[in-house]
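Colleague: Please take these sequences and the hints and turn them into a complete structure.
Residue numbers (the numbering used here), protein chains in the order written: chain B, 1 to 112; chain L, 113 to 224.
Where hints are given, some of them may not hold.
[Said to hold, decoys possible] So the derived list for chain B, only partly shown, Cβ under 10 Å to chain L, looks like this:
1) CYS12
2) TYR36
3) GLN38
4) ILE48
5) THR83
6) TYR87
7) TYR98
Don't read these hints as lab results, they were simulated from the structure.
For each residue, glycine too, the CB sits at the ideal point set by N, CA and C.
Listed below are the residues making up each chain.
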Amino acid sequence: DAKTTQPPSMDCAEGRAANLPCNHSTISGNEYVYWYRQIHSQGPQYIIHGLKNNETNEMASLIITEDRKSSTLILPHATLRDTAVYYCIVRVERGSNYKLTFGKGTLLTVNP
Amino acid sequence: DGGITQSPKYLFRKEGQNVTLSCEQNLNHDAMYWYRQDPGQGLRLIYYSQIVNDFQKGDIAEGYSVSREKKESFPLTVTSAQKNPTAFYLCASSQGFKQPQHFGDGTRLSIL
Numbered sequence: 001d002a003k004t005t006q007p008p009s010m011d012c013a014e015g016r017a018a019n020l021p022c023n024h025s026t027i028s029g030n031e032y033v034y035w036y037r038q039i040h041s042q043g044p045q046y047i048i049h050g051l052k053n054n055e056t057n058e059m060a061s062l063i064i065t066e067d068r069k070s071s072t073l074i075l076p077h078a079t080l081r082d083t084a085v086y087y088c089i090v091r092v093e094r095g096s097n098y099k100l101t102f103g104k105g106t107l108l109t110v111n112p
Numbered sequence: 113d114g115g116i117t118q119s120p121k122y123l124f125r126k127e128g129q130n131v132t133l134s135c136e137q138n139l140n141h142d143a144m145y146w147y148r149q150d151p152g153q154g155l156r157l158i159y160y161s162q163i164v165n166d167f168q169k170g171d172i173a174e175g176y177s178v179s180r181e182k183k184e185s186f187p188l189t190v191t192s193a194q195k196n197p198t199a200f201y202l203c204a205s206s207q208g209f210k211q212p213q214h215f216g217d218g219t220r221l222s223i224l
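Modeller: Below, the structure is given as structure tokens:
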């Protein structure tokens, strides 16, 4: 699976949009971009995933560049409860791919 | 509510003891997984199961054992052969290998 690069930490004001970047310059054509987050002492929470089109759900939006070498997770109106470590993962969608490889992620701190 | 339940939340083990961590899901998912997370580290796959009565070793299976007798249950036993068992253990499930994995809230195991 392709390696991802994320900033170690970011800050965001409550109520503002949080834009979390991820570089995955070695991504191949059949690899999906997944985002998870982990609040301290809890299990990771699935947020969203996509291949090449932008995706949106009730939690967030995922913007993938046309060359697919980077993506941005957008939390449109960040709240204090969104403070967590956010992980960007690139993963092949095939039957034998069974594990998620989490890097160090980005610690997002939402400030009042 | 559908979800994944791990119990207990905290577990203490004496040297030489085996302990079993519970994982139950009511999402009707076929696949289940066990990961281990150490402080400041990503997740490492211990065991996974695609269907009932079948499971496979992950990257760090030594010192662990599992069973999958029922679709909704995937208990993990940490045996005395596991030399460094202190960690945060996470159970996950997915509809299939190609679908997003959803996690429980983990069990924190410590050695007395």
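Colleague: Mind listing which of the numbered hints don't hold for this structure, in increasing order?
Modeller: Hints 1, 5 not satisfied by this model.
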